[in-house]
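A.B. asks: Dock chain B against the given chain A, drawing on the hints supplied.
For the protein sequence lines, the chains are A and B, in the order given.
Start counting the first sequence at 81; every next residue gets the next number (my numbering).
Start counting the second sequence at 18; every next residue gets the next number (my numbering).
Any given hint could turn out to be false.
Said to hold, decoys possible - Result set (DSSO-like, lysine-lysine): computed pairs, CA atoms no more than 30 angstroms apart in a straight line: (1) A:K121 / B:K84; (2) B:K121 / A:K102; (3) A:K102 / A:K121.
No lab work stands behind these hints, which were simulated from the structure alone.
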Amino acid sequence: DTEVTQTPKHLVMGMTNKKSLKCEQHMGHRAMYWYKQKAKKPPELMFVYSYEKLSINESVPSRFSPECPNSSLLNLHLHALQPEDSALYLCASSQDRSVQGRYTEAFFGQGTRLTVV
Amino acid sequence: QQPVQSPQAVILREGEDAVINCSSSKALYSVHWYRQKHGEAPVFLMILLKGGEQKGHEKISASFNEKKQQSSLYLTASQLSYSGTYFCGTEYSGGSNYKLTFGKGTLLTVNP
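Chain B with its partners taken away, still in its complex shape:
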């Protein structure tokens, strides 16, 4: 079952902040965040695990609310290089090994 991402698209000016959300109706084991630039491969950003573990990567951080089956990606003081499509991938509790189901993606555009 595909996780739901919101918003579908967001436009920022350099230096502004953004939040991208990912929610599931099924119990989650982990949430993974990837960024894909146009014409390029998806690049791993971080993994969030059960237990509400929060991970950070430079000015990008994320949280995982296990009770609500939600994860949020926080982009602080956005840079032009942050532009791209962000996908959350979810791994379900009791699900198959190795299987990530990706959301439809959020297109982030950072303008000067």
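Only chain A is shown next, with the shape it has when bound in the complex:
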């Protein structure tokens, strides 16, 4: 199984709503990532979890709150978002760098297309 599964595929939310994005992988990867991608732009790193601990936060606004409940799951909690937060949110996973000694191949999920109205 080399899949990263993201749910939901599409999400429309109001600026006062609270919602969560979910990501799951069963490849035994201990590094998991959230990326944000705007149309015709490259993915931008938001958060990195390593062994269920937050290791990188790319100065993301607090209205985005990540959570890694276990080694297979990654959540992104959303609250009080702005219309400019509308984007494709991609989850990815990879082997831990300490295992391979370098950044390894990342497997991306299909993403959640988020629209904030």
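C.D. replies: Quick look at chain B alone, frame taken from chain A:
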């Protein structure tokens, strides 16, 4: 710091070759290449490491010139399935673990 990709876009006829370049002003530890089709997730193609290691994948190969901090992706005898946006992701020497910085992408269109 974002790597610079060139060209921004390229249009090919099936069977033609193409080269996509990725350069950095900072010392690189590795370069990663991904392809993303419209509406789909990025898909890993290959990793190039320090030492000028060259990797190949079917008719797609790449090189990494450590001295020039450049990588090039070579697409030979292009197929319709090669269409998509190609991103290079760079990992910097001395940089944070796990952090890839992607270039702006090169849109490749292969026509029959």
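A.B. asks: Give a verdict on every hint.
C.D. replies: Here is what the structure says about each hint:
no.: 1; hint: A:K121 / B:K84; result: holds, 28 angstroms
no.: 2; hint: B:K121 / A:K102; result: holds, 27 angstroms
no.: 3; hint: A:K102 / A:K121; result: holds, 23 angstroms
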